[in-house]
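A.B. asks: Residue numbers (the UniProt record's numbering), protein chains in the order written: chain A, 1 to 481; chain B, 1 to 481; chain C, 1 to 481.
Just so you know, the hints here were simulated from the structure itself, not pulled from any lab data. Since the model is a prediction, treat every value here as computed from it, not as a measurement. Among these hints, one or two may not hold up.
In this list, chains with the same sequence are indistinguishable; a pair is considered to hold if it fits within one copy or across any two.
In silico lysine to any residue, SDA-like type, Cα no more than 25 Å apart, as pairs [unchecked claim]:
#, residue 1, residue 2
1, K362, D332
2, K362, T331
3, K252, S182
4, K352, L241
5, K285, R30
6, K352, T265
7, K101, Q84
8, K476, P19
9, K141, A28
10, K140, T374
11, K352, S289
12, K362, D90
13, K476, H117
14, K252, D97
The primary structure of each chain is shown beneath.
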Amino acid sequence: MAPENLARAQQTDQSRLNPDRLFPAELATRTLARALYETVCDLPIISPHGHTDPRWYAENEAFPDPAQLFITPDHYVFRMLCSQGVSLDDLGVPRADGSRKETDGRKIWRIFAENFHLFRGTPSRMWLDHSFEHVFGWTKKISAETADESYDHIADCLTRPEFRPRALFERFNIEAIATTESALDDLKWHQQIRDSGWSGKVVTAYRPDAVIDPEFEGFAANIEQLGEISGEAATTWAGYLAAHRDRRAYFKDFGATSSDHGHPTARTENLSQSEAEALFQKALKGACSAEEADAFRGHMLTEMARMSLDDGLVLQIHPGSFRNHNGPVLTDFGRDKGFDIPTRTDYVRALKPLLDAVGMEKGLSVIAFTLDETSYARELAPLAGAYPALRLGPAWWFYDSPEGMRRFREATTETAGFYNTVGFNDDTRAFCSIPARHDVARRVDCAYLATLVITGRLDEDEAFEVAHDLAYRLAKQAYRL
Amino acid sequence: MAPENLARAQQTDQSRLNPDRLFPAELATRTLARALYETVCDLPIISPHGHTDPRWYAENEAFPDPAQLFITPDHYVFRMLCSQGVSLDDLGVPRADGSRKETDGRKIWRIFAENFHLFRGTPSRMWLDHSFEHVFGWTKKISAETADESYDHIADCLTRPEFRPRALFERFNIEAIATTESALDDLKWHQQIRDSGWSGKVVTAYRPDAVIDPEFEGFAANIEQLGEISGEAATTWAGYLAAHRDRRAYFKDFGATSSDHGHPTARTENLSQSEAEALFQKALKGACSAEEADAFRGHMLTEMARMSLDDGLVLQIHPGSFRNHNGPVLTDFGRDKGFDIPTRTDYVRALKPLLDAVGMEKGLSVIAFTLDETSYARELAPLAGAYPALRLGPAWWFYDSPEGMRRFREATTETAGFYNTVGFNDDTRAFCSIPARHDVARRVDCAYLATLVITGRLDEDEAFEVAHDLAYRLAKQAYRL
Amino acid sequence: MAPENLARAQQTDQSRLNPDRLFPAELATRTLARALYETVCDLPIISPHGHTDPRWYAENEAFPDPAQLFITPDHYVFRMLCSQGVSLDDLGVPRADGSRKETDGRKIWRIFAENFHLFRGTPSRMWLDHSFEHVFGWTKKISAETADESYDHIADCLTRPEFRPRALFERFNIEAIATTESALDDLKWHQQIRDSGWSGKVVTAYRPDAVIDPEFEGFAANIEQLGEISGEAATTWAGYLAAHRDRRAYFKDFGATSSDHGHPTARTENLSQSEAEALFQKALKGACSAEEADAFRGHMLTEMARMSLDDGLVLQIHPGSFRNHNGPVLTDFGRDKGFDIPTRTDYVRALKPLLDAVGMEKGLSVIAFTLDETSYARELAPLAGAYPALRLGPAWWFYDSPEGMRRFREATTETAGFYNTVGFNDDTRAFCSIPARHDVARRVDCAYLATLVITGRLDEDEAFEVAHDLAYRLAKQAYRL
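Let the sequences and hints guide you as you build the complete structure.
C.D. replies: Structure follows, in structure tokens:
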């Protein structure tokens, strides 16, 4: 389906999707929301932060089967099934040793279909329905009865060339997408994409947690490797900073416009160089206390911001997740298995050292995300509504949802306005959900704008302009894409 | 009035209750909400957690007077009057020594009636209006002018057999109700109910705070008593655990399907048996520090969960209340006098020890409640949306209200779905408010579901199914009633 | 424009303001909201807490120019411009040394006009649009194109007598306004207002932070000065308390009905007199630790409350702002430059010492404000809904906005009702925004009340009564004005 027809398809007779979904119920507001949406629904997708696999675009192989496309890799999906007693093994989730207890995609799909009611009211349900219909043309409801039929339908599609990654990328009308790679990554898939001559714009992002966090598995070895890759004496403080600069330049060569940092807290520090160096040496010896490790991570955010002043990378801070909360699942299945839980996160004291150092820099963009919605109105909007260098990332992860996005706008706009926000991030590894997620964001934002107009808080002509900004322009501008 | 007529009565000419109350204003949504509600409004009441007095059902005596039914025992009511300067003495609230300064129900009722405007906008007002009209057929507004007339009307009703507890229980269409008793209770009222041959299903719940909390008044003496009742050597660690098992079995004999724990925090621990034993011995000597007492309480939640794996009792955690905040009122009037104040409560780190121990058990049900709404979306929904053993209790106490329930659904559904929640708890000692509270919950849930349908987030046939689940089936299933 | 015509003007053809702004979109609710609003829109303004300059009313000089009226002194406005890279110097914000880099009002105004889109969706935009139209009769949109024309229009108005402070005060229909002065202020402007014979009711409020906070700049010198002004031996504990009593009486002579306290936290203490005296002596020597300073501030709130029992001043607590967060801006521009950021604030444990001491006093009014909306439903409403002495201040500062006020009502009413709240505070130094702010509050409250009626939670006749209470009566009563 050509991009310009994505919205149209919703109005076909067989569609299961309400063409006015996520618009307010009241008629005047709904009518305006729809009018706003119609001006942005076909805009290209800017996806400045996400986790799709660059190998897909590099190799352009067919996706293996419906279960491995929609269930096994999507922690939103398998954790919900797990929460009602389905075992991760039965869903074919890979164990820590790499083995999979169930490899029959059809069996996995049947469990998913039988339990599809669990997703009622969740964004996963909206993304799945949207993907099934828009990507695969499947318009029946998923259930035990339609399990095999839907599996066969999608599996058949996947064998066809128009369902290969690059074809979908083009059909999704993605103007630019960022993947995320470790600082130690050789970016070979990005090299292969470039070498292939394919025109799709896939850029990387610099994710240095493995060489910034003293508590990361194998930190010292990672620094050794960093030194080798960069050709710098990375075990000295000066060499370590130089190695970062080198890697950032390398990532920039592959289109990177941002770095990304997933620390447990939003803590920043601005230590003296000698203090930082001492902590770094301690970290290399594995001798940092938890407090010292936290201070070092915090200081490195300020170092990253200083490097951003030179090389222009946007600095993204994604704090506040208690990773791998489930001890037994961590042991048996490893990291990232749906048990990352948000925690209370403070920004006011945490960001002060970084902001005191570089917060007034007009050329710098620090984008802060949160998993603690209480910080939107109380901390993040007042900070972003004052410091030139600070912007607010969109509603993130558990809040990448209709209610989450609505609360984000309601809580941040009055203090930070629209122009201290940066448009939408899909932040996903679920490739087929990308158009669905952007569609949800565009609908929710248009609903919000329509409400402002109808309640006399925004002029109608302004709403059309802001709708375009939120759907397209701000992401492109903030991420320099 | 027969249960099937409760909803009908709202449409009589003389009713003061808006038949569409709590439904969204917009017509299409309201129409659907009403249609949903009409399929659940007459369903039997499952009341799996509450504080009605089993003696009422055992003795089936008339309630003494309107003030002692509606005011004196209801902390929602008398604390609001107190907040505007009415003294607890003038309301006949019993003092710590058992005396009551005012015993004239009519005088108390007049104060209440003169101050009825204070309840505008509160759920108490909705419950009272509903009770007056549906239970007593009183349809005028309560005010200074109608104080005596309303008092006489209700007092007259109370003399009649159809207003005795069992008759009301049947009229309210209660299929099952749980009371809550201390682990040390002999359950004689439950025995008397059983002996009477009455068919009403009244079950108990196991509340062991007095023998689990080292800071509870008379902890050591309570353990002595626990030993006597259970016939176990309860002052040894092994005997103590055996005594719990014995009492749980006894409570199960009287229908208990749950235990309930009202700790200051949600802290859990999973200590070694020798560590737990050492703390227990210290607690018996009254030698625990505050930190040690907290750790012991936390550990006992995990022990309770392990016992639940054997005996099937559902484990309810009700944390986060700062009890008896008002020093002078505690001194003069004792506990539970409307000055229990919610506090910030953490769940992520607090529940980890218990969840690491038993969180993946499919046969276990741990139901977590909160008085800190910030934890809904940030902590509880992500936890319950992943761990098989964890479910979310409904909006509780101060949030047992239209806005509170709406916020609960909006904050939890997107991450935890509907099926990690457990239906409604009325959690009340105000007997006449029970139908009103369930009616509010059913209306608010139907309003929420209608909104999801009208905004394209749920199919209409699904909404009807979920409405039934939330009003009836989930409570019955989750509490095994 | 005469006050009674303020609302009318919105309906003229040339008005840019939606006459139904802030009312719900649904027709029945909107119609009722409008009906409610029409009964309160022309009520006199009670402004019991604010920061207008008494010198304006004393001297009654013309305001200098549009930029110095609307931009330079308004931290809401200049911090938003700053957040998008406009320098404070270019806006003529005074530096710490008193100098202003830009003094050309027209140049400043052009920057403001070019960036007017930044205010989309913010309350500042509503206040500005309302002020421009209602106060100055300017009905075009502010933009780069209209920058000079609007500047000239407003500048011209300012030369005319009907735009002098007293004329505006009368046109705004202000029945009473409170300013805020330091305990050390001689109140000469208030004296001059009184001496002038002008009938406008301008009262002061007692703000003793400079002589209560051991960490305040020049604390010991301030105490010296306090002693001189009051004629008490203020460096002794007894003399210090006597000096406060003396100053409070002096402020009462100039109409004060309240004291106001802007501490970092809501902490209160009720120390013994000897403990308090020891801390005081330490504070005079500059020897208090941060913890001791905090304890002393906390104790002084309880002392102020005790004095209030004698002299009847209402005690206002405004905690939770991290003042002057931006180090470089504090150094270059000084305090109050838009970088005060809210922080998490606890009330339950913090207020207990004060409430244990005086919370049951019916004659006392303690009004608590918050910058942490999570405390509304969890802490403040339960406390105010129980303690006779405690009331809730309205949505404050960043929350003096449509969404902020709506969240305040939704979060507090169900537990505290309407009558434990105190009407609206504009809390502003932006004189022309006063009618706009009260108008927003009246509209939002009427919208909320209309919603309650349409959803069956409040009777229509009650809504009209409550609308009047919230717009006028409660502020007058709570602040004894």
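A.B. asks: If a hint holds in the structure, say so; if it does not, say that too.
C.D. replies: Here is what the structure says about each hint:
In this assembly of identical chains, K362 and D332 lie within 25 Å of each other by CA distance solely across copies; the values are 17 Å between and 47 Å within a copy. Only between protomers do K362 and T331 lie at most 25 Å apart by alpha-carbon distance; the minimum there is 19 Å, versus 46 Å within a single protomer. Proximity of K252 and S182 under a CA criterion of 25 Å is satisfied intra-copy only: 13 Å inside one chain copy versus 55 Å between copies. Only within a single protomer do K352 and L241 lie at most 25 Å apart by alpha-carbon distance; the minimum there is 22 Å, versus 37 Å between protomers.
Neither within a single protomer nor between protomers do K285 and R30 lie at most 25 Å apart by alpha-carbon distance, with minima of 61 Å and 65 Å respectively. Within a single copy, K352 and T265 get their C-alpha atoms as close as 13 Å, and across copies as close as 19 Å, so both meet the 25 Å cut-off. When the C-alpha separation of K101 and Q84 is checked against a cutoff of 25 Å, the pair qualifies only within one copy, where the shortest distance is 19 Å, while the shortest distance between copies is 54 Å. In this assembly of identical chains, the alpha carbons of K476 and P19 never lie at most 25 Å apart, being 27 Å within a copy and 37 Å across copies at closest.
In the homo-oligomer, the alpha carbons of K141 and A28 lie at most 25 Å apart only across protomers (24 Å), although the nearest pairing inside one protomer, at 31 Å, exceeds that limit. In this assembly of identical chains, K140 and T374 lie within 25 Å of each other by CA distance neither inside one copy nor across copies; the values are 39 Å within and 37 Å between. Proximity of K352 and S289 under a CA criterion of 25 Å is satisfied in both settings, with 23 Å inside one chain copy and 22 Å between copies. Within a single copy, K362 and D90 get their C-alpha atoms only as close as 52 Å, which misses the 25 Å cut-off; across copies the closest is 14 Å, which meets it.
Taking the shortest alpha-carbon separations for K476 and H117, only the inter-copy value of 19 Å comes in at or below 25 Å, while the best intra-copy value is 37 Å. Taking CA atoms no more than 25 Å apart as the test, K252 paired with D97 passes in neither setting, with 34 Å inside one copy and 44 Å between copies.
This entry does not satisfy hints 5, 8, 10, 14, going by the numbered hints stated previously.
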